[in-house]
Amino acid sequence: MFTSSAHLALPAAADLPGLLAGQQQRIEWQFQRTLAAAGEDRHAAFGELAWLIAVHESLEEEIVHPITRHLEPAEHLAEQLLDEERRISDALEDAARVDAAAGLGGTDGLIVLHGMLTAHIRREAREEFPRLRAAVAAGELQDLGDVARAAQARVTAESPARPGVPDAALVIRDVLRPTSHEVSL
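Per the UniProt record's numbering, numbering of the sequence shown is gapless, rising by one per residue and ending at 185.
Everything labelled a hint here was simulated from the structure, so no lab data went into it. Here the structure is a predicted model, which is why all the values come from computation and not from measurement. For glycine and all other residues, C-beta sits at the position ideal for the given N, C-alpha and C. Check the hints yourself; a few may be wrong.
Claimed, not checked - Restraint ranges, calculated between C-beta atoms of paired labels, are given here: (1) R97 with A37: 33 to 41 Å; (2) Q80 with G139: 22 to 30 Å; (3) E40 with D143: 36 to 44 Å.
Taking the hints into account, I'd like the entire structure generated from these sequences.
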């Protein structure tokens, strides 16, 4: 059974930016674990890393970026972040192909992916999360954190033994799209 739920567990009190920041810390930890591992351990660690990234980015795409787009449509921050996320996804897919073909024997692709994701995470922490906190009521951020936690719990429960990026992303989208997650601004 896949055990990412232990690495994603956050206190129930975390609001949406807090939950996402906690996920970012877990992704960084998992990157270090993946880079330090070898052979089958690296393969398993990479699978978990890919899953953590997919869950995190899917939550941002479905909840956070639409709010950011609404808050500051002229700045195009949401579109810029989505573009970064697409490039990260492409790099992740490239690393997954190497993993499938050669067991992640080299680390070059992982190091590139790590650099891209680190820059992206820092930008979100610097530009996007503060805007959310300034514009969205604390209670609404808490409610959105609860919605994100519920989606995360469902994707954890429904994930196969070695989930793929599309599997996690699709489950998150399926959970979140039937209901509205709009906030009053």
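Hints and how they fare:
| no. | hint | verdict |
| --- | --- | --- |
| 1 | R97 with A37: 33 to 41 Å | 18 Å, violated |
| 2 | Q80 with G139: 22 to 30 Å | 29 Å, holds |
| 3 | E40 with D143: 36 to 44 Å | 41 Å, holds |
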